[in-house]
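A.B. asks: Protein chains in written order, with this note's numbering: chain A, 1 to 273; chain B, 1001 to 1266.
Keep in mind the hints are simulated off the structure, nothing from the lab. Be aware that one or more of the hints could be misleading.
Claimed, not checked - Facing chain B, a subset of chain A residues (Cβ under 8 Å, in silico):
# : residue
1 : G81
2 : A110
3 : Q136
4 : S139
5 : G140
6 : V243
Stated by the list, open to error - Calculated from the model, a selection of chain A residues having no Cβ within reach of chain B, i.e. all distances over 10 Å:
#  : residue
7  : I56
8  : G93
9  : L131
10 : Q178
11 : E265
For glycine and all other residues, C-beta sits at the position ideal for the given N, C-alpha and C.
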Amino acid sequence: MSLIEVKNVYYAYNENSVAIDDVSFSLEEGTYTTVIGHNGSGKSTLAKMIAGLLEIQKGSITINGLAVNAENIARIRRDLGIVFQNPDNQFIGSTVRDDIAFGLENKLVAVENTERIIEEYAAKVGLSDHLDYEPQNLSGGQKQRVAIAGIMAMKPKIIIFDEATSMLDPKGKKEIKQLMYQLAEEEITVISITHDIEEVMQSDNCIVLNKGKLFMQDKPEKVFADAEKLRKINLDIPFVMQVKEVFRNKKIKLKANDLKGMAEELWRLNSKR
Amino acid sequence: MNNLVFGKYIPIDSFMHRLDPRAKLIGLFVMIFAIFLPKSWWAFLAIGVLVLLALISAKIGIRMIVQSFKPMIMMMIFLLVINALTVKTGDILFTYGTFALYSDALYNTLFVIVRLLLMISLTTLLTATTKPLDLTLAIEWLLKPLEIVKFPTYEVALMVSIALRFIPTIIEETIRIMNAQKSRGVDFENGNLSSKISSILSLIVPLFSVAFERAYELADAMEARGYVPGAERTRYHILRFHLRDFFYIFICIAALAFSIFTRIYL
Chain A
1 MSLIEVKNVY
11 YAYNENSVAI
21 DDVSFSLEEG
31 TYTTVIGHNG
41 SGKSTLAKMI
51 AGLLEIQKGS
61 ITINGLAVNA
71 ENIARIRRDL
81 GIVFQNPDNQ
91 FIGSTVRDDI
101 AFGLENKLVA
111 VENTERIIEE
121 YAAKVGLSDH
131 LDYEPQNLSG
141 GQKQRVAIAG
151 IMAMKPKIII
161 FDEATSMLDP
171 KGKKEIKQLM
181 YQLAEEEITV
191 ISITHDIEEV
201 MQSDNCIVLN
211 KGKLFMQDKP
221 EKVFADAEKL
231 RKINLDIPFV
241 MQVKEVFRNK
251 KIKLKANDLK
261 GMAEELWRLN
271 SKR
Chain B
1001 MNNLVFGKYI
1011 PIDSFMHRLD
1021 PRAKLIGLFV
1031 MIFAIFLPKS
1041 WWAFLAIGVL
1051 VLLALISAKI
1061 GIRMIVQSFK
1071 PMIMMMIFLL
1081 VINALTVKTG
1091 DILFTYGTFA
1101 LYSDALYNTL
1111 FVIVRLLLMI
1121 SLTTLLTATT
1131 KPLDLTLAIE
1141 WLLKPLEIVK
1151 FPTYEVALMV
1161 SIALRFIPTI
1171 IEETIRIMNA
1181 QKSRGVDFEN
1191 GNLSSKISSI
1201 LSLIVPLFSV
1211 AFERAYELAD
1221 AMEARGYVPG
1231 AERTRYHILR
1241 FHLRDFFYIF
1251 ICIAALAFSI
1261 FTRIYL
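Sequences and hints are given; from them, build the entire structure.
C.D. replies: The following block contains the structure:
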């Protein structure tokens, strides 16, 4: 059985705005999944439903065999964390230390261990020297790192990133993405809602939502291989995939899915001729 | 703008900083009585020396205390004028036409001023040496007895600490909205009353809408990290009384005893 199973879920904020309409998919443990789609395509709604922050109106979601509902939610939240978009609105404690402690207090971690855990995870996100900083003295990227540390400290199996890098400057974005890839290597199941096409190319699995419906779900290179289909819903195609398409039209097949590999392939191609 | 919000915390290490916030809060309450009871200068002298010692042990510098007096200067002058015009007892110090300044007017004013200065020094001392969060914990502890009547002390303390944490964020937001509105031609400084009200509205409406949005998102973030209102939680911050805290409270009570003594016998 898959770690996360979403079956025919439906959510409407009111009669005129159906956010999620009959979406089904399943995600395996330890995979890195990106969710893309335009604003208003239902990405955040879907994330909130998985995290149990919005009630599922129709259909069902099971996580680790447990149905997401009011009864199981406390149990499920021990395995699942979510990092939101706005760095300021998820900083609960008055200092970095207190913020990481917040989740541990909820998890009833013994006080003797709290300090050690806080220091361990602050070090993991590179904020060991900032433990007593207040949020107003941290950059957006640092605040997001605190949020990630706070969630990692609770040792979840799944972490959802709801456009966690969209309000950050390029440096902050890079740092957070680095951390996300690192999580994936630690066998944590990552679901990342993103507009960052390069990040999508790095993921194992890509879900495309359009107007609340599941438009595609596949490996990113397969999703982007059908460029025409994506253009129909006005989604960007990564540069590498665009180059591939041009060559495909000239009956030349390229294998690489990243810039470096493509450069390698292209100069070899040139020297063969 | 940050300085206006709360007596500012000075992040250094000192005897006063290390005291348990509960001891400091109890000490403050005791000292309020010690300051307002006596009518003898001896009591004020004794309390004044104690306050000075506390200030020195807190290492926060006289300058900050003097700064905190500044807003009071106008009030003190006003007090003196009122007393000079109304108090007609004691010796006449000097006369000017039909006006006579009596010694009691001067004494009364001085008493009030000394009391106020001592009070301000003590509260500044408290806020400068205690983190807002610790103060919240101390207040929560003092409210504990109310739990008998189902008063949610823990939730209230959490609320207060979140409110304190968001003050700088909201101030930042206010400045940002003001700048945005200024760039659209809203004038916050000039104009008559009605145009001023409408320009303030252009600040308040977006400020509230953003604040509510923040509140929703924060609630989601708290829930996502396993917070259930009213549920059991472990506590990362645990306050512990030390010998020095009892020593501090003892001194405050001694000061109160002395001021009661002077009130009765001097």
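A.B. asks: All the hints need checking, so say for each whether the structure fits it.
C.D. replies: Results of checking the hints against the structure:
The beta carbon of G81/A comes within 7 Å of a beta carbon in chain B, closer than 8 Å, and the hint placing it at the interface holds. With 8 Å as the threshold, the beta carbon of A110/A comes within range of chain B, its nearest partner Cβ sitting at about 7 Å, so the hint holds. The beta carbon of Q136/A is positioned within 8 Å of a beta carbon in chain B (closest approach about 4 Å), and the interface hint is therefore held. Interface restraint check for S139/A: the shortest CB-CB distance to chain B comes to about 13 Å, outside 8 Å, so the restraint is violated.
Of the supplied interface hints, the one on G140/A is violated, with its beta-carbon coming no nearer than about 12 Å to a beta-carbon of chain B, more than 8 Å. About 40 Å separates the beta-carbon of V243/A from the nearest beta-carbon of chain B, more than 8 Å, and the hint is not met. With a least CB separation of 16 Å from chain B, I56/A remains clear of the 10 Å interface cut-off, as annotated. Once the 10 Å rule is applied to beta carbons, G93/A is inconsistent with being away from chain B; the minimum gap is 7 Å.
Against chain B, the non-interface label of L131/A holds: every CB pair exceeds 10 Å, the least being about 12 Å. For Q178/A, the condition that its CB be more than 10 Å from all CB atoms of chain B holds, with the nearest at approximately 22 Å. Against the 10 Å criterion, E265/A stays outside the reach of chain B, whose nearest CB is about 43 Å from its own CB.
The structure fails hints 4, 5, 6, 8 (numbered hints given earlier, in ascending order).
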